[in-house]
Structures are given as structure tokens and as C-alpha cells.
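*Asks:* With chain B fixed as given, assemble chain E onto it according to the hints.
Sequence order for the protein chains is B and E.
Residue 230 in this note's numbering sits at position 60 of the first sequence, and the numbers go up by one each step.
Residue 134 in this note's numbering sits at position 93 of the second sequence, and the numbers go up by one each step.
Mixed in with the good hints there might be a few duds.
[As the list claims (entries may be wrong)] Partial chain E-side listing against chain B, Cβ under 10 Å, derived:
{"id": "1", "residue": "80"}
{"id": "2", "residue": "152"}
{"id": "3", "residue": "159"}
{"id": "4", "residue": "163"}
{"id": "5", "residue": "168"}
{"id": "6", "residue": "172"}
{"id": "7", "residue": "261"}
{"id": "8", "residue": "291"}
{"id": "9", "residue": "391"}
{"id": "10", "residue": "418"}
{"id": "11", "residue": "424"}
{"id": "12", "residue": "445"}
Just so you know, these hints were derived from the structure itself, not from any lab.
The beta-carbon is built from N, C-alpha and C at its ideal position, and this holds for glycine as well.
Each chain, written out:
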Amino acid sequence: MADRIRLTIDGRPVDAEAGTSVLAALWNADVRVARSSVSGEARGALCGMGICFECRVTIDGARHSRSCLETVRAGMEVRTRD
Amino acid sequence: MTERLAAEVVVVGGGPAGLAAASSAAEAGARTLLLDEAARPGGQIWRHRAEPPAAARAWVGRLARSGAAAVGGAAVVDAPRPHELLAEREGRPLRIAFDRLVLATGARELFLPFPGWTLPGVVGAGGAQALLKSGARFDGRRVVVAGSGPLLLAVAAALARDGSRVVGVFEQAPLRRLAAFAAFLLRHPGKILEGLGHAAGTAGVPYRTGAWVRAAEGEGHVERVVVTDGRHAWTWACDVLACGFGLVPNLELACLLGCETAADGLVLDEEQRTTVPDVFAAGELGGIGGVDHALVTGAIAGLGAAGRPVPPALARRRKRERSFAARLARTFSLRGELRGLAGKDTILCRCEDVPLGRIDPEGGARQAKLVTRAGMGPCQGRVCGPALSFLYGFEPGTVRPPLSPVDLTVLEDES
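For reference, chain B alone in the conformation it holds in the complex (with noise of 0.2 Å):
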């Protein structure tokens, strides 16, 4: 078994195996929306790859991370539609 990691999303305290991407770790935690759009529009993850953008999230203050690049880290804090 995989080492657990904690960290929130949204302040909701979520677990996640180590290794696995910020954007894995919210979908498992069935979060699909990652932002509002400039028309605020709910949008989630589309290439998972960092291209498209689409999936940023603010991570530990950090605006605009894309949460497909970043892997997760014990107590990070996520935030979604920042």
C-alpha cells in the first residue's frame, strides 16, 4: 500500500496515495471543477498535461497552478474557483 498523504481542498481534509498529481487527487475526490472562467463558466481539467490551463487551482496561495503538473504534498492546501 501506497504512503497516504493529507492535504484540504476547499478546507475538506482529503487523502491521497503519494505521487499522485494534485489533479488526480481532486478528481478522486470527485472535484471536477477546477476554476470559473472569464465568463464564469465552471471548467475542469481537459488535456492533463499543462497545455490547456484549464485545470489551474490556487495551491498553498500559489494563483493559477495547474493542478495536472503539481504532485501533492502533506498538509497542502487546495482551492478551487479562487
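*Replies:* Same frame as chain B, but now just chain E:
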């Protein structure tokens, strides 16, 4: 503050083409440096979370033994002067001087707009695979796989293995072209393992040719998709739509350097030279050809950059892989009906929320950008640009640095 590196041969991109290029150049005696955006080499195809695939392990091992240096987490953002690149690494500038450069920047998925394609839960086919590889679980989820290309079956098989319910795989190419392709694969056993081998995991999953997604629907996220064969339409309930229309090469750095492009990629000679002196390219940049094509063209480019001639065996393999790439392109060429899916209200540019109706089909990428901001968001037109090329035949827009959004301190260093 600025870190500086230099090498005789610098390779950009750590997928199969870049690994082959860097290993070959270093084995030929050139001081070689491989730059990759990802922390670990392997590219998208060999992307992994825990245990890398055997082929990836073999190539990463060969790279290490070759003596080439490898720097991960480095995103090239500019080519400020001849024989120099500027990259960002951990938020800091990194300057890399080179004598010869090998571009191996790979490919991304082609997305086409259709009603509902911006709903959460609609991801690329390669997107679904990337999600799986980064730890996302699809068990118990109903997934529709659609679009075009050999990737669809690979993704469906991977999803099925993960316990998802693959509702169906819908390939837009007609059966007659796929039948000809299948007959070709039967005569080339190596390719069967790469292609049809994936189908083993999809037994029982409906695979329909000549069918494509007309719309995705749902409240707040995708709940169903409408699939059509041009005459009839069917609605399938699902939790995820994995939809991609093949691959397009990542040409941004090559274009910034001034390399000439053709319809399907860069203009390259038989030694993988671009039209710019001292700049070579390999893999998908020369036209989408898959992993075998990437490995052989990477080796040729690496040897060329190290000043070595192309061994005849490699030249023969290159010819074979080029013809396979051309066959792939013919088999999975996109049908005209796909140009009519998006309505005038369908979002084209997802970064700036520009609907398709605001784009002048007679204009061009530059005009679209200036008038509507389409292509000016953070993705810099990487999604809507290729879509507009397919929809309206637009030439790619001019590429300007930085190639991706970057901390200003990295660019300030350029003065």
C-alpha cells in the same frame, strides 16, 4: 542569480525522441545536455507515477550510461539569441548555450469544439490517460471514449483495466479505411503489439467506426453525450467523456527559432535537419509517427548533431517509419462533418471564452487574436489554434516569447 549551462549538443524534450537523440549524441562523443519540462524523463507516452514501463527504464538507463547530462523541471521559454536558450527552472532563469540543438518537444492532443465540450468531465482521450497515469481512478465510472486515432483503443483498454465501465468507443474514421489499416498491421507484427494489443483489454466494449460525438450535455458536468453517424443519433449516459481527435506537434519553440513548417510538421531533411542551421528535430515534430518513429528519428538527429553520418540501417528504418506515419495520417484523417459541430455560441477559446461565432472564417489567427482575444490567454492558442487550422484553414499565429506563462523575474534577467 542566473544559472548557466553549456553543451555541444542540447536536446529539448525527454520523451522517446529526446532520449534517443541525447543518448546517441553522447555515445558519439559529444558533450550533451537533455532538458525536460517534467521532473523525470519519459515524455507523455512513458509518463509514470511509480514503476516506469520496461522500454522507458531501458532508455533512461542508456541515457545515464551515455554520459549525457539531464536537467528536469526546465521549461524553455525563449531563444534570446543564436545558440542560446532561456529556460525557467524552479522559478529561476537558466541560460543554456549550445553548438547544435535537437528539438524533441513532442505532440499534444487535437481538440475540436462541439456543443458542451467545456463541461467539467469532458477530457481528452490522452487527457484521460494522463489522469490515469497520475493517479486518478475511474473505477465504477461510465466513460465514453471518442474522437480519432489509435490512442482511443489504448485509452479504452487502460480505463477498462482500472474498472471503469467503458460505454463505447466511437472512432470518426470510416470502417473501410480502418480495415485497410488493420490489414497492414497484420503484415507488420511489431506494430500489432503497439496498436491492436491494446484491444485485448477492451473485449466486450462496443467499438463503432464512422461515428462521432455531436454534443455533450449535463447540468454543471457531463451527464450524457449524443453520438451520431451522420444519419442517426444516439444518447449515452456517462460520467466522463474522453474525446480527442489525434495529435498535433508542439511547434512553438521551433517556430520561435524560425524553422520552416509544412502541413503536418517541420520541414526536415533525411538527417533530421530543420531549415535553421545547427537545429535538428525528431519525433512528432516531423509528423505524427508514434514511438518507433520517435526513437529512430531521435537517434539520427542525435548522431547528426554530434557530426556523425546516418548509418544505412537507421536510414532504412526511418524510411519505413515515415511511411507508417503517412499511413496513420491517411487512416485517421478527419471527416468534414467535424467542422460543422460547433455552433456560433459554442466556446472556441476556452481561456478567453470567445465563442466561435465571433471568429471571421475569412480572417486569420492574427486577426482573430486582435479582434476577439482568441488565443491570447494562458494557453497561448495551443488549444484553439489547431482547432482553427482544422475548421478554417488558418495558418498558425506568430509565436512570441515567453512560450509559456513565466515569472517576470525570469524575463527581467534578459536585459
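*Asks:* Take the hints in turn and mark each one as holding or not.
*Replies:* We went through each hint and held it up to the structure:
| no. | hint | result |
| --- | --- | --- |
| 1 | 80 | holds (8 Å) |
| 2 | 152 | holds (7 Å) |
| 3 | 159 | holds (6 Å) |
| 4 | 163 | holds (7 Å) |
| 5 | 168 | holds (4 Å) |
| 6 | 172 | holds (5 Å) |
| 7 | 261 | holds (6 Å) |
| 8 | 291 | holds (8 Å) |
| 9 | 391 | holds (6 Å) |
| 10 | 418 | holds (7 Å) |
| 11 | 424 | holds (5 Å) |
| 12 | 445 | holds (8 Å) |
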